[in-house]
Structure formats: C-alpha cells, structure tokens
Amino acid sequence: MEFLSPVWPAAAAVRPPNKRLQGIQGARIALVDDNLDTAFTTHLEALLTERAGAKVRRLVKPSGTAPSPRELIEEAAAGTDAAVVGIGL
Amino acid sequence: MNLVSERLNVDDYEEAIELFYKRHWTDGLPVVLPTPRRVEALIEHVGRDPQESLGAIPPRGGEATLEKLAINAVMGGCQPEHFPVVLAAMEALLDPAHNLNGVSQTTHMCVSLIIVNGPIARELGFNSRDGVFGNGYRANAAVGRAVRLALWNLGGAFPWDTDKSTLSHPGEYAFCIAEEEEDNPWPPLHVERGCPPGSDAVTVFACEGPHSVFCYGTPEEMLHVLADSLQALGSNNIHVLGQTLVTLNPLNAEEFAKRGWSKQDVRMYLWEHARRPLAEVRACGVIHEQFRKMERDAGRYPLRYDLENPTTRLPVTASPEDIHIIVAGGRSYFAAVLPGWGGFGGFAVTRPIRRPR
Numbered sequence: 006m007e008f009l010s011p012v013w014p015a016a017a018a019v020r021p022p023n024k025r026l027q028g029i030q031g032a033r034i035a036l037v038d039d040n041l042d043t044a045f046t047t048h049l050e051a052l053l054t055e056r057a058g059a060k061v062r063r064l065v066k067p068s069g070t071a072p073s074p075r076e077l078i079e080e081a082a083a084g085t086d087a088a089v090v091g092i093g094l
Numbered sequence: 105m106n107l108v109s110e111r112l113n114v115d116d117y118e119e120a121i122e123l124f125y126k127r128h129w130t131d132g133l134p135v136v137l138p139t140p141r142r143v144e145a146l147i148e149h150v151g152r153d154p155q156e157s158l159g160a161i162p163p164r165g166g167e168a169t170l171e172k173l174a175i176n177a178v179m180g181g182c183q184p185e186h187f188p189v190v191l192a193a194m195e196a197l198l199d200p201a202h203n204l205n206g207v208s209q210t211t212h213m214c215v216s217l218i219i220v221n222g223p224i225a226r227e228l229g230f231n232s233r234d235g236v237f238g239n240g241y242r243a244n245a246a247v248g249r250a251v252r253l254a255l256w257n258l259g260g261a262f263p264w265d266t267d268k269s270t271l272s273h274p275g276e277y278a279f280c281i282a283e284e285e286e287d288n289p290w291p292p293l294h295v296e297r298g299c300p301p302g303s304d305a306v307t308v309f310a311c312e313g314p315h316s317v318f319c320y321g322t323p324e325e326m327l328h329v330l331a332d333s334l335q336a337l338g339s340n341n342i343h344v345l346g347q348t349l350v351t352l353n354p355l356n357a358e359e360f361a362k363r364g365w366s367k368q369d370v371r372m373y374l375w376e377h378a379r380r381p382l383a384e385v386r387a388c389g390v391i392h393e394q395f396r397k398m399e400r401d402a403g404r405y406p407l408r409y410d411l412e413n414p415t416t417r418l419p420v421t422a423s424p425e426d427i428h429i430i431v432a433g434g435r436s437y438f439a440a441v442l443p444g445w446g447g448f449g450g451f452a453v454t455r456p457i458r459r460p461r
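So the protein sequences, as listed, match chains A and B.
Numbering-wise (our numbering), the first sequence opens with residue 6 and increments by one.
Numbering-wise (our numbering), the second sequence opens with residue 105 and increments by one.
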C-alpha cells in the first residue's frame, strides 16, 4: 500500500550559532522594538546604554504579532555584535 | 504527473494509520490515506501545476504547494471538487493582512474561521442552516480539516511547540461554514466585500467559538441583546478593538428587513451601542489597561477615545466596518457573536474561488 508524505523533509543543516558576546560594554546591539510595549523597550534601551555601556541601535517592527520584514532583519544584522529581537508578554 | 513527495509503503491499512500517529502527521484523529491516485485526482481537477506554491505557511514556513495541499486535503476527507475551496481558503489565510503567523502562535484561543459564499456552497453541500457550526456535513468538515491539516503538517503549528494557545479551540480540528444566501434578505458577505453577485468566494476571519445570543423580538430588542453580547469584558475586542463577527439566523434577518433595517443599519447601530464606559473596562485590571496603552502607543488605538476620562465610552471595534455580519443557522431564537483576536490580527480576508475550466 503506497501513500505520499504530507510534510516536507526536515532541513538538512542548521547553521551553528554565532560566538557569544564576551560582554556588553562597548558592544554594538540592535534593539528591535516589537511595538508591543514601548515603555518597557525604552527602559531596556536605557539600561543597555546607560548602565551597561552598549551602543544601541533601535529598530521598530511594524507589528509585534507578525514577523519582522526581511529588510529590518538585515539592518539589525549589519554592523552589530548582537541583537535583542523581541520581548515576551 | 510529477509528484515530488516521499512515497511510503506499508503492508496494510492499520499500519498506515498508526504510522501517521507515530510521525505526528495527524491532528489526533485518523486520516484518509493520501494515495497517489487520490492526490492526483485533486490536482487534475484544478488543472494547475502540482509544484505551484501559494506561499510559505507560518510558523515553520513549509511551502504550500498544490501537491502538499492536495495530500493534506485527501487526508481531511476532501473530494476533488472540494479542492478549489481549500486553495481559496489557503490564499486568504496567507494574505499578510490575516497575520496567520500571529494567529497560529498567540496565547489567545482564536482560530481562523472559513466562510464559504456563492453557488458553490449549495452545489457541494456545505451547511449554512441548522447546526451550521457543528458536525454532520462532509463539505464543512473536509474543507475545514484539510486546511487545519495543512497548517499542522506544513505550518508546524503544534500545541506542544509553536502553537502557544493556552486553552485553544475545538475549531482547531475544522472550522468551516457557509453563509445562508437563499433565506437571506441582504447581500451576502463576499458581495459586501467586493466580489460580484453570484460569484464564489471564501472569507477567513480568526475568532473565538460562537457565543450564543438569545435573540428574538423586535429589531430594537434583538439589537439590545446583541450589543450587550458584543461588549463582553472577557473578549479582546472591548480592550484592544480589532474585528468581530455577528451571526444572525435567517429569521432574525427577515425580521430586521421587514422593519426596513439594512445590514448596514444593523452594523451602525451595533457599533454605536456596543460600548462600555472606560471605568467599567478599567475595573478588569492593570494588564488589560497595559495592553490598551500599548495599542495607543503603537498608534493602533484611535486618539478620539480619551483613555484618561472614566466616562469615555469605548467601542468594540475602531470602525463599523470591523463588525462583520453574516446570516446562518436555523430560523430560531438564537444568534451568535464570535469575538476576534483584537487589534493584533486575524482580520477578515476574502478570496474568489477559482473553478476549474
């Protein structure tokens, strides 16, 4: 009895993660504001810059409940050491 | 026919059914086996390239090729003539305006309802009358389940993983109805949304299950109870707007029409009267207020509603057009409201059904 698989094969390779940051002081961090809790994100930005000494570039997602546009992901990845891409609610 | 899916061979039917469970290829119910012959019949019926993709299904991003959709449609019980409805529903679900990614992963319990309009609904035996949200009709069940199985197997929205709904919804198995168009004095949903009269279309809208509304009497009496049901404090709409769905039964609609009420009259009345003072809404607690503030900060909660004045009367949607109204069910005392996810998404999207040439 023959039938067809309803799924796609699992991805063959998973890219290994980047090297972890050694510290936040002086690090270039993209902070993706997911447009859900602006006040919290502003507070986090202040903590990262004023207390931890990071260089933060804040980017705003159009919607907190939909994926980031590719351009925004590429902008977050360009010229930064790490990114904060969302907050949990 | 050029089919690219992996082919599996088993000795008997029982082994095949259990294989689907072992591999998590089913939603918990047994499936119809997607044999090459059955799958090819669906694709041949629509006369399209099996490798044509309608897009990537979130959250996992599996491509919705016609071949994979046909496999899942067979599993759900579809016959070839159901497949064009499945394809239109998938096109609507994958429109960014619906935000399927959010609908599939939210902690809220909304599920995308499929509403079928046009002559095809009657031709294929979709139920639009008594028991419309229930069981007993192959077209409703098979199309509804075909779509849910595609979201499962291609989208990868699993309750133990990416589907974060904390209570979820029985419509996760199948959530598909037709609108009653014959016993209905008003233009049907798809015509209101821009489709030509007499055409076939599917509308998707992410919502909770139907909440019963004991709705009988004069238009004013019916509107009184409908408005109260829409403004429930437990639903997202009163807190963060979005869209909502009202299902009137044919007798309700007839009573409205006899007294000169158009569907738009009903919609306007509900939008103006399904409101609560801010003080009552605030009494729900700080987290509701926080969400409201977030929506205001993000520019999604209109400034014309003063969120500091306790006498402000908050609506359930930002505009009257966000209250969708359909006619379905048995001629009776009962209507239903189906609240949406709020301003976060799941918004209604309509797509025409492409009949085979």
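Among these hints, one or two may not hold up.
Stated by the list, open to error - The calculated EDC-like cross-link candidates involving lysine to aspartate or glutamate, where the alpha carbons are at most 20 Å apart (straight line), are:
(1) B:126 x B:265
(2) B:126 x A:42
(3) B:126 x B:116
(4) A:60 x A:86
(5) A:66 x A:55
(6) B:126 x B:115
(7) A:66 x B:401
(8) B:362 x B:325
(9) B:268 x B:401
(10) B:126 x B:144
(11) A:66 x B:384
(12) B:397 x A:86
Please keep in mind that the hints were generated in silico from the structure rather than gathered at the bench.
Bear in mind the structure is a predicted one, so any value in this text is a computation, not a measurement.
Structure-based check of all given hints:
The suggested pairing of residue 126 (chain B) with residue 265 (chain B) holds, with an alpha-carbon distance near 17 Å, which does not exceed 20 Å. Restraint check for residue 126 (chain B) and residue 42 (chain A): the C-alpha separation of about 41 Å exceeds 20 Å, so the hint is violated. With a C-alpha separation of about 16 Å, the suggested pair residue 126 (chain B) and residue 116 (chain B) falls inside the 20 Å cut-off, and the hint holds. Taking the CA atoms of residue 60 (chain A) and residue 86 (chain A), the gap is about 10 Å. The hint holds against a cut of 20 Å.
With a C-alpha separation of about 23 Å, the suggested pairing of residue 66 (chain A) with residue 55 (chain A) is violated against the 20 Å cut-off. A threshold of 20 Å between alpha carbons decides the hint, and for residue 126 (chain B) with residue 115 (chain B) the separation of about 16 Å falls inside it, so the pair holds. Note on residue 66 (chain A) and residue 401 (chain B): the hinted pairing holds, with a Cα-Cα distance of about 13 Å set against a maximum of 20 Å. Only pairs whose Cα atoms come within 20 Å are accepted, and residue 362 (chain B) paired with residue 325 (chain B) is accepted, the gap being roughly 15 Å.
Taking the CA atoms of residue 268 (chain B) and residue 401 (chain B), the gap is near 25 Å; set against the 20 Å cutoff, the hint is violated. With a CA separation close to 25 Å, the supplied pair residue 126 (chain B) and residue 144 (chain B) exceeds the 20 Å bound. A threshold of 20 Å between alpha carbons decides the hint, and for residue 66 (chain A) with residue 384 (chain B) the separation of about 32 Å lies outside it, so the pair is violated. The straight-line distance between the Cα atoms of residue 397 (chain B) and residue 86 (chain A) is roughly 32 Å, outside the 20 Å bound, and the hint therefore fails.
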